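For the sequence shown, the residue numbers in UniProt numbering are 1 to 1031.
A couple of the hints might just be wrong.
Each computed DSS-like pair below joins lysine-lysine, with the alpha-carbon atoms no more than 27 Å apart [what the hints assert, rightly or not]: (1) K800 x K824; (2) K785 x K817; (3) K817 x K755; (4) K95 x K171; (5) K816 x K782; (6) K824 x K782; (7) K728 x K800; (8) K785 x K755; (9) K728 x K782; (10) K782 x K817.
If you are wondering where the hints come from, they were derived from the structure by calculation, not from laboratory data. Just so it is clear, the structure is predicted and the values come from calculations on it, not from any experiment.
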Amino acid sequence: MIFYSPFSFLSNMRMPLVIHMAPAVMRRFTGSRLIGPRCCHIATDSHVFFQLYGRHMEPMNETVPLSPSPPLKLEVSNNSSLFTSQLPAWSKALKELSAQLYAAPHSGFRRRSAIHALEVLNNALSLPHERRMPYCQSFWHKALAICGNIDEGEDIRSAALLATVLYYGDKHKRVLAFASNVQWLREKRAMSVLREDTQYILRLCIVYVLSSSFVGASFRPDMVECVKMHAENALRVMRGGEALETAREYRVFLYALDWYVAHCGNIDARDFIRRTFDPLVSDRLRPFIFRTDEGVPVEAFKKVSPASILRMGERCRAEGNTKLLRQLFTEVKHREDVDDRYRLFKLSSSLGNMLSLMSDVDSRTQSDIVACCGTSLSHEALAKIGGSSRNCSAVLRVLWNIGGEEAYFASRQVLFHRSPEEALAFQNECGDVLLADRSLVWETALRSMSESIGRGDINWRETLPTALRLLSDAGKNSVFFQLLRESHREDETASLMTASALGQATRRSGQWWRALDVVDMIAACDPPRTTAEDMFLQDACLQTIYALRDAKRWKEALAFYTSFASIALPPIHRLFCSVICGMPPSSPWEAALTVAQTYGEVPEKFLRTLRCARTPDAVMCASTEGAPLGLGTSSLKSRRFILQGFAEGGHWHHALQCVLQGAEGDVDFSSCVSLLRAAQRTSLGSLPGTFFSVLPDCVWGSAGLLRLCLLAAEAHGIMGSLCDALEKHESHEIATEYLSLTRFLIDGRLPPDDKPLSNRYVIYRILMSPLPSSSPAKIRVKWTKDALAAFESARHGGMKAFVQSYFRLHPSCVPKKLNRENSKTFALRSVMPQGSLQECNTLVAVLPRMLAVADKPSGTSTHAYARAVAQRARVGPMHTLAYLLSSSSSGLILLLSSSIPTKAVRLEMRIFLRVCPLGPSSIPLLSTTFYTSYKMEVVAASLPEVSVTVEATCSSDTDGLMAGSLYRLKESVSAEGWGICGVETDEAAAEEGLHVAALTLRLLHDECEGERVMLFETTNVPAWLRQACDE
């Protein structure tokens, strides 16, 4: 039976939903093989076999009493072999016991098989890499059941193994209760213990002592006497010779006593244990047992006790001594590999957690920590290690093996700054970490929901939050936002899980205006009642503030933080502090800082960033040696915060001094980005042409940094200086390409055919520029690996679709006849002119070698029309577009000479547009913030279409973006529940959209005296605006 979901977007996905009708009874065999010519061996799953023949084993309860023991549950979890091809040894041992139980259901297990099963359970739990696996968490249940069903009764060896399994399972109180009642440990005469059982009675004493240490329990006097009696008996056995295993167990026993003394908070109890057992310490170990000082030489690592190593590790963590802590971890890992008894102290996981949380640990060391400790690491440590690309995959596998709430949020933290493709690949491979279900992915969740709807199940909405969460995790934002509409019901409370998913989708999609939806959804939720709900609430707040910070919407971020500051955790508070650091100097950043200080302490690094942006001279106060205070000895991380402050304030000279005074290895990409941002934001005329000659060498080999250099040169009109600097670094291929682009923007020179281009930004700027010549410019483009991969994915659309999607070029840039003689390169041409320029009012104004203003009709590309304007106006040298309009928009466009600094241009545009509410909860138009900030005035209103035609004013940014507020208009309108009609071609007719009716240009240039103001207007009115005015 095949049917499709009633949801329109699910129907478009064309996912067939197949329902298989299974027979009532079906025998399933896992495999069969012939042993002889007439003998057939059948291997079956015991759990399935019991279900078929009526002898199904009942699941155990959560609480398992010590006596009598529950029946044994021998199912093997599918998760145990998720990333392994072989069946684990513990699984084989349990299957063997299951076979014995089936053959003789009224008899117990054979002692040898039971002992072997307990040993393999012990071995699996002792490995820190697997200790927190879900299947390992139930081993203590199985161990209790095995010991309770041994045919010949429990003995010392099985009791010791059972106590160890309970100890590894963190059931310390059960260990204390078990050891206090076991007959051999409470025996009045130690001589009754056989010689070969001495090591096992010592193991009982060890786990009893360690469990007492972990729960902070005090030794009862009678138990101290019993433990001392068995220790003395072990000494007598060792003096008899041939007791190597007992000697090793006795050494671990002394280490356990030392561990108890080191962690006991009662001084009297510590002194009592030390006095009681000090005579039993050998002379060889006496210098290292019951120590009170922490000073241990490096050469004595192999002799010190685990408690001393732990103290040394904690001291290294406090002092930031990563090198010594790494040596301690290596020594502990070696001890645990040589002797598994050493794993009882769980030192590798403790030191691994400390080392992984240090700031200067390389990715290779982190990889060794994950390989050794695995699931025993804390979620915080795993999230930090997973931040590196080298360890991301390994950490995600470990988190999947752990499963549950904390593992799920740790995996989201690992994937936070990863691409949506990586998040989707992880979900497809591992499924849902929160529910530990490998088969549950976004597709199966939608399919299950569609099946519920098809069956008429009225409870199908119960699966909606999970489906939305999986869609958000997989990066399926478009499907998520469509399905999100189904979650809004007035008679039901919202889900914090859905609010968290919406916050994540808002950040990943860049649709920051949906922050208001997150606020509404959280307000409609009940207060969190569980840890998971509280974590979803915190994540929703964190994701939303991230989205607002990335969009530089500090006003919205301030309002959002103020609403939830009382419940915000430190990560949200620190994130809001970083938002304050990004606020412009003219904004009320001091008031925002006061708000942050009201709800928590502002870290020093953020205060330093603010000081660098506002008072850089105070931060760069010179010391007696001439070096800036705080910079010579500061770490790379603190220097980044200082440079961030200089970049926000445009203090390029201070940023350059900070970068050049750092070590050669400290000049990284982010430091250079801050330096070039500061150069771009500094005031006009304050950046000299010699700036590019003193930049670090790493700049000239990075495409991203060279792009920032070009933007800074255009902002300050020093393109010639950048060209001279690029000529000195032509050894870098990318520098050669940017040299070709710089020459082209200065005088229109094209790169030679023997130097093909590969950088997408360089190709875009050359081909989409409005060339004044009638003949198109042609360049050679080199095939790269990324370009070939993109071409293969877009092969069905042809070369034009590939060029349009990969290079963001106009389809006319593809020649009609491609030259296929050279398979390593291909040719592209500049955008072809488009639009009629016959009307007398099309060219509004032309100032030779300075600017040209034209009236663009709707339905034409801005780049193509600008090319036609440049040809018709004959403006002379190279010009660039001041701003871009969508194809459906109309009105004035501006072409400026490339010699004019962009920071010397201030634009003010008077535009007309139609806005409409997107829902019943939209804010009234006259009460919106965008209505005031854009100085809007209502022109006309249409009740049948519920749209309002308004006049608005857009202006330039102080950072040099000439049409900054115009580009943010759609986002600002959408943030308050409104939309612009006709901006998208699928929302209205193609002739509708924005209309730029007037343009005011303020030009401050070296060739002009003072400020030159020019006003341009158009008399053309689009049909939709004329109709609105007539009504």
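Verification of the supplied hints:
no. : hint        : in the structure
1   : K800 x K824 : holds, 18 Å
2   : K785 x K817 : holds, 24 Å
3   : K817 x K755 : holds, 21 Å
4   : K95 x K171  : holds, 25 Å
5   : K816 x K782 : holds, 19 Å
6   : K824 x K782 : holds, 6 Å
7   : K728 x K800 : violated, 37 Å
8   : K785 x K755 : holds, 18 Å
9   : K728 x K782 : holds, 24 Å
10  : K782 x K817 : holds, 17 Å
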